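Listed in order, the protein sequences are those of chains A and B. If you're matching positions, the first sequence starts at 623 in this note's numbering and goes up one per residue. If you're matching positions, the second sequence starts at 623 in this note's numbering and goes up one per residue.
Hint data in this document are derived by calculation from the structure and do not stem from the laboratory. Please read all numbers here as calculations on a predicted model, not as lab measurements. Warning: the hint list may mix true and false statements.
Note: identical chains are not told apart, hence a pair may lie in one copy or across any two.
[Said to hold, decoys possible] In silico BS3-like pairs for lysine-lysine, Cα to Cα no more than 25 Å straight-line:
#1 LYS795 to LYS922
#2 LYS815 to LYS928
#3 LYS879 to LYS726
#4 LYS726 to LYS884
#5 LYS1000 to LYS785
#6 LYS845 to LYS884
#7 LYS726 to LYS627
#8 LYS815 to LYS795
#9 LYS922 to LYS815
#10 LYS845 to LYS1000
#11 LYS795 to LYS785
Protein chains: 2
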Amino acid sequence: MIRLKVNIAGVGMIKVSEHWDKSIVDLATEAGLRALEDANVKHVDYLIISNMSGVFNNCQSDLAVAIADNLGLLRIPTYRVDAACGSGGAAVNLAYNIVKSTGKRVLVIGVEKLSDSVTTVNTSSMMLAEDWTTGLVSGGTFVSLNALALKYYLTRYRANHDKIMMLPVIEHKNATKNPYAQFRREITLDMVKRSPYIADPLHLLECSAYGDGAAAVVLDVNKGNVEILASEVTTDAFRIANRDNPARFNAVFEAVKRAYSKSKITNKDIDIIEIHDAFSITGVIALEELGFADFGEGWKLISEEKIGLNGDLPTNTFGGLKARGHPVGATGIYQIAEIALQLRSDAGDNQVDGARIGLAENIGGIATTAVIHILRKKEMI
Amino acid sequence: MIRLKVNIAGVGMIKVSEHWDKSIVDLATEAGLRALEDANVKHVDYLIISNMSGVFNNCQSDLAVAIADNLGLLRIPTYRVDAACGSGGAAVNLAYNIVKSTGKRVLVIGVEKLSDSVTTVNTSSMMLAEDWTTGLVSGGTFVSLNALALKYYLTRYRANHDKIMMLPVIEHKNATKNPYAQFRREITLDMVKRSPYIADPLHLLECSAYGDGAAAVVLDVNKGNVEILASEVTTDAFRIANRDNPARFNAVFEAVKRAYSKSKITNKDIDIIEIHDAFSITGVIALEELGFADFGEGWKLISEEKIGLNGDLPTNTFGGLKARGHPVGATGIYQIAEIALQLRSDAGDNQVDGARIGLAENIGGIATTAVIHILRKKEMI
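Please model the entire structure based on the sequences and the hints provided.
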């Protein structure tokens, strides 16, 4: 089997915000056009759209064709992929597999439009990502399930919650320099601690917020200076209750193991990472599953010195889900686009000097789906 | 590029019905298990789920993982694909591309659960397939848009509506022998003509009905006696208003042209077909786009002699969308499973003698997405 190399030939993003004046199709189109322009291409062979809640919030199925039409990209194979909050990563994984085996060029656009939605029942909308039949109907919400994970983690590992609450503080600092970030202002540990509980022990400022956004990447075998070394997606028990330890993300562990193995690198080779901090706790657990800390000790890594923009392992360098924003189906693509910008040395004020290899971790539900991408700067010869 | 041959190694279906006692996950699981059993395999490398309205009607995103978990198929790449009513065909197309280029085995399950839904606003639910922003808000429904196409067709081509109304009559006859069909009773032309208008000039009995269902296929490079000769998906203008002729399905025309070209066959080689008769008129237009009649003359083909089970070109041999049923995201997979049963000579009372090559036409929206599959019986050597 011939297996081609796959590059990121172009990226495009819009600011995560409440885009009251634009439709879901408008947002996706804008990001898509920017990625095509960045890649300096007009034609692609496939269009893949990642989105979670468009059928629920925007009453639009066949969304991929609506976007294809607006982009002038009809008459090519077009699909929409949904894996909840992991949709973006899953769509890039699918595109990666298509490009790797066919040599065709693929445009992937992730988009989510949560404000100005038809249904405006956003708690329900987020719970779409978890088991509806045993979850929401028994009183669980997406926030409360993550709060339980945090409570469990704090108790079992005697972790310091203050340390964990530094994650959003560091991320907000990174976001101040990101023109596409939802929240471009610094926050302090004190502000996080004094912010109201959304679901005890999770504070408001430990949670990513609702936001509209779109991000896009062009994958190609020839063009582009950033190579995708590995792309892995796997899944875990759908119901949290069926897992041994609610503070473990087995799917992330498994996906990253495969990604390290296939790319023949270890976590020691990684210069920068993007972790899926939908909540502070999900970011902490990610650090452990990715191999950067022992289980139960990820919280000890949360400091400027360790994961700040100038730290040992710069993490969520553009603000992460908390501060750049978490437009669900687009999030995984923002992550990959941001890593690509870093490896291209196009990260502007957020640039991490000498970044050569980056890793993006994107999850759907509470790590029900896990997607790992490892990207490498192509060396000039 | 090595391009492997792709076979249908197994199929599984459940009866299209109102399954009040089963969840969307239950339905998909049942069809999936039947396909695995039929293929005599336990393991697959990928799981692809096709579904349109699960996020809307069943409040479940990440549906693919819910089904994977129930099937005991965790820890493999899993995606959900949506292309409205064309989701099933699009998912098989995606699976085909994966198998063809990787040699891996893929299980594709299409499922839709419309009864007992959380929202129960089924007219809205169907309109998800069309442009929400300019369609439904200006008074269009999915039925009324198809009624306009029928009215236009009848006027422009001076077509005989009675002939067109024979399509459901023939299909209901075929469905009487299909254990998985939603409506296993015969109807007469008189019954169709006297059934109430749903949207003038479309009668109730010219429209497919709401139904829950699930169908599955296993694709494999080694196993299976039916080969997929061609799998093509393409798209057309999202808004009907932007098309030159509302009685033409350009995407179907384009997709089938590519499919004939790639498989090196013509419409003369086709023994049986499945057409996407969501409404009588969509079936008639399909016959024209597929090359079996000139434009504006497809209605002349609608007779037992021509498209009946013992006719020149047996069509929708298990009842089609009208009588077998149209569980949206599953429909394209029922079509392919039924063609496969015919080519395997496993069609029981519905068997078409000597069927060697079959074609399935599946559309999303009003042919916004079009998917064509051509299947061939593998000759024993």
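Verification of the hints:
no.: 1; hint: LYS795 to LYS922; in the structure: within (19 Å within a copy, 70 Å between copies)
no.: 2; hint: LYS815 to LYS928; in the structure: within (21 Å within a copy, 75 Å between copies)
no.: 3; hint: LYS879 to LYS726; in the structure: between (28 Å within a copy, 21 Å between copies)
no.: 4; hint: LYS726 to LYS884; in the structure: both (22 Å within a copy, 17 Å between copies)
no.: 5; hint: LYS1000 to LYS785; in the structure: neither (36 Å within a copy, 64 Å between copies)
no.: 6; hint: LYS845 to LYS884; in the structure: within (22 Å within a copy, 28 Å between copies)
no.: 7; hint: LYS726 to LYS627; in the structure: both (11 Å within a copy, 19 Å between copies)
no.: 8; hint: LYS815 to LYS795; in the structure: within (17 Å within a copy, 69 Å between copies)
no.: 9; hint: LYS922 to LYS815; in the structure: within (18 Å within a copy, 75 Å between copies)
no.: 10; hint: LYS845 to LYS1000; in the structure: within (11 Å within a copy, 41 Å between copies)
no.: 11; hint: LYS795 to LYS785; in the structure: within (16 Å within a copy, 70 Å between copies)
Figure legend: structure checked against the earlier numbered hints; the only hint not met is number 5.
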